[in-house]
Amino acid sequence: MRPRAGRTLRAVKDLSRAASAVFVAALVELGLRTVALDRLAAGLGVPLATTEARQVAEPMRTLPPWARARVRATRRVLRHWPFGDTCLRQALVSGRLLRRLRPTLQVGVARIDGEVRAHAWLVIQGAILDPLGAASGYQPLTTPGKDVRR
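Each residue of the sequence shown is one higher than the one before, counting from 0 in numbering that gives the first Met the number 0.
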């Protein structure tokens with residue numbers, strides 16, 4: 000294959016991954032406004048963790064190349080997303096694109112400068128996938144809030 004053809008093929012693949020990330024981000028955006036988080040996460044194929052995640056010392060570093068490319072596409076798209084680039088959006092979109100690896104969505108809380116803050120990340124095969132690298136500073140929530148409407 001000629002060098003130019005290789006660059007063109009890579010550009011097409013990058014565009015395809017970005018288009019997928021845009022589509023999933025739009026679904027996530029709609030879901031965040033209309034559906035409970037546990038139902039949204041399950042519907043995306045990234046179930047919300049309901050038991051304490053086994054925290055590991057090192058973040059996940061062994062993603063396959065296709066998965067790394069999808070995480071990069073997610074970060075690239077959400078960096079320009081008009082509704083914000085939150086950790087929850089990152090985790091939901093990346094999780095949907097990586098669902099073949101069976102990720103779970105972990106939400107945690109921490110007290111930072113006197114305020115309670117939340118953070119979201121993915122857990123894949125017992126390892127943490129957190130592009131922000133902040134998961135170790137948060138206590139994982141073990142029981143999701145239940146909708147009290149009956």
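Any given hint could be a false lead.
To be verified - Distance ranges between label pairs, derived from CB positions:
#1 A35 - R78: 38 to 46 Å
#2 F82 - R116: 34 to 42 Å
#3 A25 - P46: 46 to 54 Å
#4 W65 - D112: 35 to 43 Å
#5 V108 - R6: 30 to 38 Å
#6 T49 - K12: 21 to 29 Å
#7 L31 - G125: 22 to 30 Å
#8 R74 - R116: 16 to 24 Å
#9 P63 - A117: 27 to 35 Å
#10 G113 - L8: 49 to 57 Å
Hint data in this document are derived by calculation from the structure and do not stem from the laboratory.
Even for Gly, the Cβ is constructed at its ideal location relative to N, Cα and C.
Outcome of the hint check:
Distance hint check: the CB atoms of A35 and R78 are about 27 Å apart, inconsistent with the given range 38 to 46 Å. Range check, F82 to R116: Cβ separation about 19 Å, and the 34 to 42 Å hint is violated. Here the CB-CB span from A25 to P46 is close to 21 Å, at odds with the stated 46 to 54 Å. W65 and D112 have their C-beta atoms about 39 Å apart, which keeps the hinted 35 to 43 Å range intact.
Taking the beta carbon of each, V108 and R6 are about 45 Å apart, not inside 30 to 38 Å as hinted. Range check, T49 to K12: Cβ separation about 36 Å, and the 21 to 29 Å hint is violated. The hint said 22 to 30 Å for the Cβ distance between L31 and G125, and at roughly 27 Å that hint holds. Separation of R74 from R116 is about 21 Å and conforms to the stated range, judged on CB atoms against 16 to 24 Å.
Between P63 and A117 the C-beta distance comes to about 29 Å, which sits within the given range of 27 to 35 Å. About 52 Å separates the C-beta atoms of G113 and L8, a value consistent with the hinted range of 49 to 57 Å.
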